[in-house]
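J.: Between the sequences and the hints, there should be enough to build the whole structure, so can you do that?
First to last, the sequence lines map onto chains C and U. No gaps in the numbering here: position 243 of the first sequence is 243 in this note's numbering, and each next residue is one more. So this note's numbering is basically just the index in the second sequence, starting at one, shifted up by 289.
No wet-lab data here; the hints were simulated from the structure. Do not rely on the hints blindly, as some may be mistaken.
Claimed, not checked - Think about it this way: if two alpha-carbon atoms lie no more than 27 Å apart in a straight line, the pair counts; the simulated BS3-like pairs of lysine-lysine are:
| id | chain 1 | residue 1 | chain 2 | residue 2 |
| --- | --- | --- | --- | --- |
| 1 | C | K252 | C | K220 |
| 2 | U | K330 | C | K55 |
| 3 | U | K330 | U | K488 |
| 4 | C | K221 | U | K344 |
| 5 | C | K55 | C | K226 |
| 6 | U | K344 | C | K226 |
| 7 | U | K478 | U | K575 |
| 8 | U | K344 | C | K199 |
| 9 | U | K515 | C | K57 |
There are 2 protein chains.
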Amino acid sequence: LFIKGYEAVGGKGDEIIDTSICVELLEAYLLIHDDIIDQDKMRRGGFSFHEMTAKWKGDPHFGLSSAIIAGNLLNGLAIQVLIEAPYPQELKMRALTEFINAEINCFHGELYDVILERIDATENDLMRMIDLKTASYTTKAPLIMGAILGNGSEKQIKILSEYGGLLGCAFQIIDDILGTFGDEEILGKPVTSDIEQGKKTLLLVYALDKVKGEELRFLKKCIGTKNISSYEFSRIKEIFEKSGALSYSQNKAAEYVKRAKLVLNLGDFDNESKMFLEELADFVIKRKY
Amino acid sequence: LFIKGYEAVGGKGDEIIDTSICVELLEAYLLIHDDIIDQDKMRRGGFSFHEMTAKWKGDPHFGLSSAIIAGNLLNGLAIQVLIEAPYPQELKMRALTEFINAEINCFHGELYDVILERIDATENDLMRMIDLKTASYTTKAPLIMGAILGNGSEKQIKILSEYGGLLGCAFQIIDDILGTFGDEEILGKPVTSDIEQGKKTLLLVYALDKVKGEELRFLKKCIGTKNISSYEFSRIKEIFEKSGALSYSQNKAAEYVKRAKLVLNLGDFDNESKMFLEELADFVIKRKY
Numbered sequence: 001l002f003i004k005g006y007e008a009v010g011g012k013g014d015e016i017i018d019t020s021i022c023v024e025l026l027e028a029y030l031l032i033h034d035d036i037i038d039q040d041k042m043r044r045g046g047f048s049f050h051e052m053t054a055k056w057k058g059d060p061h062f063g064l065s066s067a068i069i070a071g072n073l074l075n076g077l078a079i080q081v082l083i084e085a086p087y088p089q090e091l092k093m094r095a096l097t098e099f100i101n102a103e104i105n106c107f108h109g110e111l112y113d114v115i116l117e118r119i120d121a122t123e124n125d126l127m128r129m130i131d132l133k134t135a136s137y138t139t140k141a142p143l144i145m146g147a148i149l150g151n152g153s154e155k156q157i158k159i160l161s162e163y164g165g166l167l168g169c170a171f172q173i174i175d176d177i178l179g180t181f182g183d184e185e186i187l188g189k190p191v192t193s194d195i196e197q198g199k200k201t202l203l204l205v206y207a208l209d210k211v212k213g214e215e216l217r218f219l220k221k222c223i224g225t226k227n228i229s230s231y232e233f234s235r236i237k238e239i240f241e242k243s244g245a246l247s248y249s250q251n252k253a254a255e256y257v258k259r260a261k262l263v264l265n266l267g268d269f270d271n272e273s274k275m276f277l278e279e280l281a282d283f284v285i286k287r288k289y
Numbered sequence: 290l291f292i293k294g295y296e297a298v299g300g301k302g303d304e305i306i307d308t309s310i311c312v313e314l315l316e317a318y319l320l321i322h323d324d325i326i327d328q329d330k331m332r333r334g335g336f337s338f339h340e341m342t343a344k345w346k347g348d349p350h351f352g353l354s355s356a357i358i359a360g361n362l363l364n365g366l367a368i369q370v371l372i373e374a375p376y377p378q379e380l381k382m383r384a385l386t387e388f389i390n391a392e393i394n395c396f397h398g399e400l401y402d403v404i405l406e407r408i409d410a411t412e413n414d415l416m417r418m419i420d421l422k423t424a425s426y427t428t429k430a431p432l433i434m435g436a437i438l439g440n441g442s443e444k445q446i447k448i449l450s451e452y453g454g455l456l457g458c459a460f461q462i463i464d465d466i467l468g469t470f471g472d473e474e475i476l477g478k479p480v481t482s483d484i485e486q487g488k489k490t491l492l493l494v495y496a497l498d499k500v501k502g503e504e505l506r507f508l509k510k511c512i513g514t515k516n517i518s519s520y521e522f523s524r525i526k527e528i529f530e531k532s533g534a535l536s537y538s539q540n541k542a543a544e545y546v547k548r549a550k551l552v553l554n555l556g557d558f559d560n561e562s563k564m565f566l567e568e569l570a571d572f573v574i575k576r577k578y
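T.: Here is the structure:
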């Protein structure tokens, strides 16, 4: 997205490829810390960082410590890449401002997430959290930063920012649907883990609001409980389907994608970039992983 | 030090006061994460961040998560302060480069610290770690950044950097002496905690190298052991004194301070700033807290 943002506003040259590593480093930083916070043992089909280093030394606290430090180090390196990038100082400073804003938003979103009680969260709370925690750095900042370094106009930057925000929200809603309804093999993590961790998703927030009586009690009992049975998991999926939570989430994501594509039409981007960004928006809903 | 570095090179204006908050935010970021890594429950006479939030929610994992995120957020805010400071973009970019270099060095030092086995560390290992982990951000970077924003000459910046590095090393050696031989009331933390945590200090590295037989076995047994008795603690202090570790550490710190003051003489700083920096160097050895 960083590179696409750059190309969409007419930016030229291979330097952007080297510079784009800053976004990868940022992502790695946030995921390493996130895996500690979410107590995730798996990442990208292997062990998460803290789990891997804990196993290496046979010491969970070493795993934790090295993962905190490694994440922080990656963030320093990400900013170093940006500082040393071969672009005019003024553009780099603006890109850096967006980079830091994305981080600050993301950490606000994460704090919001850990403080927000899962039972009482409303759809508004949830979407605000997703916008801050995920869309900020996953889609919005990379597009904006690329567009800034590519010398995009204020209008182009604004449109890519809006597109990025909408796309990021759609992305997370679909991600949460796949987290429960997807294929374990393709996902590379257990489909029960979102439920067991009590992750706040649109599926859950909607279902908790709609269902009543025994179903509500059952849902509240299972959410955040380790080692739920396959019967319980099937019943939760059934509740998500029957309550309308699944279709509501799918429609919500489709709506975000539609709005993202409409926003894109307001800009004067070259055809190739626009097509890529439209296809990317469609892909976010159609993907199976 | 940030402000002094600024004044020493002839910088003028109150803006530096507002800008100096970036160093405080950096310090808070690093200390919050450090307290997780060192499992310190106390900081500045109160609970450490993770301990306080863990107590608030009655959940240690909430304490850990919120402390990781809060540290990261403070770092983002620190960089934001620097980006928005009212100085020429070129100077800010240079100051930011030093800020990030200090972070990268500090995290390298921290990784070195957690990986280095405490029994085998040499004095060289230890001093390299202290230079990276402590001097980098405590004394070196603030002075350099202040001097850069104050439009100091290359020579002035270089001298303040050397002074800062030497001072930071002296500071840590004395800090470690006070950690064991200081007054618990004044320190605000138990004098046994460095021993119990197995902290790598010059006292320990020197003593482990000098003592033999039963004393060596006793020292190895106590280091890193929780709840050592007051008899054991007294004996460790005695070993540190009799082996020469205490006086060696004191002399080493005095030597660093002497070199720091000599380096300062090579620069063309105004009298007031020079006197302050000389007094600060002396204070580092004389302090009781």
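J.: Decide, hint by hint, whether the structure agrees.
T.: Results of checking the hints against the structure:
no., hint, in the structure
1, C:K252 to C:K220, "24 Å, holds"
2, U:K330 to C:K55, "26 Å, holds"
3, U:K330 to U:K488, "15 Å, holds"
4, C:K221 to U:K344, "25 Å, holds"
5, C:K55 to C:K226, "22 Å, holds"
6, U:K344 to C:K226, "23 Å, holds"
7, U:K478 to U:K575, "20 Å, holds"
8, U:K344 to C:K199, "23 Å, holds"
9, U:K515 to C:K57, "20 Å, holds"
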